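Order-wise, the sequence lines are chains A and B. So the first sequence is numbered by the working numbering: it starts at 60 and just counts up by one. So the second sequence is numbered by the working numbering: it starts at 93 and just counts up by one.
Please note that a few of the clues may not be correct.
Facing chain A, a subset of chain B residues (Cβ under 8 Å, in silico) [said to hold, decoys possible]:
hint: 1; residue: Leu247
hint: 2; residue: Met356
hint: 3; residue: Asp365
It is worth saying that the hints were derived from the structure and are not from the lab. No experiment lies behind these values; they were computed from the predicted model shown. We treat Cβ as the ideally placed atom computed from N, Cα and C, and that holds for glycine.
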Amino acid sequence: MRISLRTDGGFAYFPGLNRPIVIDSETLPNEEQKSLNTLLDQVKFFTLPEVVATPAPGSADIMQYTITIKDGRQRHTVQFVDPIKNEPLQALVEYIQTKALEKSP
Amino acid sequence: MVLSMKSNYSEMFGIIPPYIIRAIEQNSNEEEERNVAKANLKFDNEFREQRAATSEVMSKGDVYINRECIQKQRFIYDADKSLNPMPLVRSEGSVTVNDVAVNEAYDGFGAAYDFFCHVFRRNSIDNHGLPLKGVVHYKANFYNAFWDPVETRVLFGDGDGKRFNRFTIALEVIGHELTHAIIAHEGGLAYTGQTGALNESIADVFGSLLKQYHLGQTHSEADWLVGVGIFTNQVQGEALRSMKAPRTAFDDKVLGKDPQPAHMKGFVTTRRDHGGVHINSGIPNRAFYLAAKEIGGNAWDRAGLIWYNTLCDKTLKLNINFKSFANRTLKHADILFGSESHERKAVKAAWVDVGILA
């Protein structure tokens, strides 16, 4: 399973953070694969609408998230913004970002 | 010719433009006349600032008793890595707590309220004493701060602990977010393309002026940087943006190089960031810096007042572009200081310098 997270917006624009974070679940240790699957079950990712939320009028410096998951023949993309009301979805974002932080120089 | 001294606002001050009163102050041979003109100018400025507020608030009057700003109401919440539950950890009048982000948000909101009230006679975000709500410790590894118009609050992250510190660390960032709220209450500016870049720039302008006012700095003492202290020492960069020198704020192997242009010929067309609103804001930012520099003194006094009155101009369109906004600042410079004034010329030269006006 391949998970990618792209962010856009935020207080400042950083060209170096333009590329998506990509996680290949096969490269993860078994325990982590299991907890990731549990998390994805809670999110019910493949049943979410393509656009979960857009910025409310008057918003500013809001970060927007685009997550794409490809699992076998299934492929789905979901877009949403802060504040993220869907708690499992929020947990998924934090998981991906924490992984990227661990990997980054 | 004698101008009578009044101790409260008078209709006469609204009729004689400030540049005539100033001419009397500078050129009259009579000392008493010069002193009266000087006093009139001071009251006149205050009258004009008040007129920039909504007429509805002016007629109430109560919030301007003794020129004290008495409707400051701050509420700071701790998201502690999640939004449920979110306790109120500091409210108006309460003492410092053992949490630096909470105290920074509280103090920053207070400084912002005082700044807008003392300098522009604005009673909070909506000019009607709207409570200032802030949420700190929002999410984990969150390197951002933003304005949430639904709950009318600012949310601050703690940074990621690697490259970014907490976002309450910079007073100008707090001011920036609250200014977005003010822009929304003054009719709004579409958050896309040139209009969005203006929205962003105005937020940087008043965020920066807040810091300068708080530190008592002239334009030349100010650093004109937005987001000082947000980068950790792992990052090659001193701030997120520079109004004085766009494109120089950071150059880091991971974050990349500050992408901001300082001139229209560097305008970036992109689909990212709502059409580059945080990128192209560098151009009007540089214009404001140049205007303030040429005018001299404290940047909030005259350059800031021109920008503030332009922002509050009820005829400003929701999707205004750079050129129209620039022309509108000239119009307000005309009204405040006169069409032949030094201030007006400074503003015009600034917009020409960044390639927005010819």
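These are the hints, each one checked on the structure:
Taken as an interface hint, B:Leu247 checks out: its beta carbon lies about 7 Å from the nearest beta carbon of chain A, inside 8 Å. Using the Cβ-Cβ criterion of 8 Å, the hint placing B:Met356 at the interface with chain A is not satisfied: the shortest such distance is roughly 18 Å. Restraint check, B:Asp365 versus chain A: the minimum CB separation of about 5 Å is within 8 Å; hint holds.
Consistency note: the structure conflicts with earlier hint 2 alone.
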